[in-house]
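Visitor: Now for the letters of each chain:
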Amino acid sequence: AQSVTQLGSHVSVSEGALVLLRCNYSSSVPPYLFWYVQYPNQGLQLLLKYTSAATLVKGINGFEAEFKKSETSFHLTKPSAHMSDAAEYFCAVSVGTGFQKLVFGTGTRLLVSP
Amino acid sequence: GAVVSQHPSWVICKSGTSVKIECRSLDFQATTMFWYRQFPKQSLMLMATSNEGSKATYEQGVEKDKFLINHASLTLSTLTVTSAHPEDSSFYICSARAGTSKVFGPGTRLTVL
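Those protein sequences? They're chains A and B, same order as listed.
Just so you know, the numbering used here puts 66 at position 66 of the first sequence, and the rest follows in order with no gaps.
Just so you know, the numbering used here puts 1096 at position 96 of the second sequence, and the rest follows in order with no gaps.
None of these hints come from the bench; they were simulated from the model.
The hints are all genuine.
When the alpha-carbon atoms are kept at most 30 Å apart in a straight line, the in silico BS3-like pairs for lysine-lysine are as follows:
hint, chain 1, residue 1, chain 2, residue 2
1, B, Lys1041, A, Lys58
2, B, Lys1014, B, Lys1041
3, B, Lys1041, B, Lys1064
4, A, Lys101, B, Lys1041
Partner residues are not named here, just some residues of chain A that face chain B (Cβ under 8 Å, in silico):
hint, residue
5, Lys49
6, Thr51
7, Phe90
8, Leu102
9, Gly105
We put the beta carbon where it would ideally sit given N, CA and C, even for glycine.
All chains, please: the whole structure from these sequences, using the hints.
Guide: Quick look at the structure:
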């Protein structure tokens, strides 16, 4: 069964520092992978998605993620953190065909200090 | 872009009452919508898949008689929590498929006293 594992429930960085949020997946078929961001008391906003095209995926707000099949990873990065990036980030894998179901990781809270 | 709305954004009710939550796709048609539940500081758990004009498909462990789902039109799905209890207090989020992406609503926070 498809699943994702997010390492680290909390990640703290200084403003301007590199952001790295880790996600490893498990899938018996080529996966479709997603990163979502959730601000307090709000729904999820799609940051980026991998759907078997380019392995380096660029998303909104300067985020990008690289699909590495050999490492079964889809880590999220941003070169320079901004205070507004502080939020909860979820990695997800699509289960089945047609993007019908998403299985989410447990989330990583990004804290950005001045 | 595609937008999904939810109403209400928050609701407080007494134990034993029923609460209806609406999920609307504002500028696109959604034959399929999804309902998730998120407990504090936890991830989203899929509760059910709502299909327009047919019965919803519930995930294992979700009581279909307690969480009634109706998808009567291509832009509206409703989730009714029947006989709500404090343990049903949670953040309920719906989503709809728009092309190759899922668009999520802003969520509804339910508090059962």
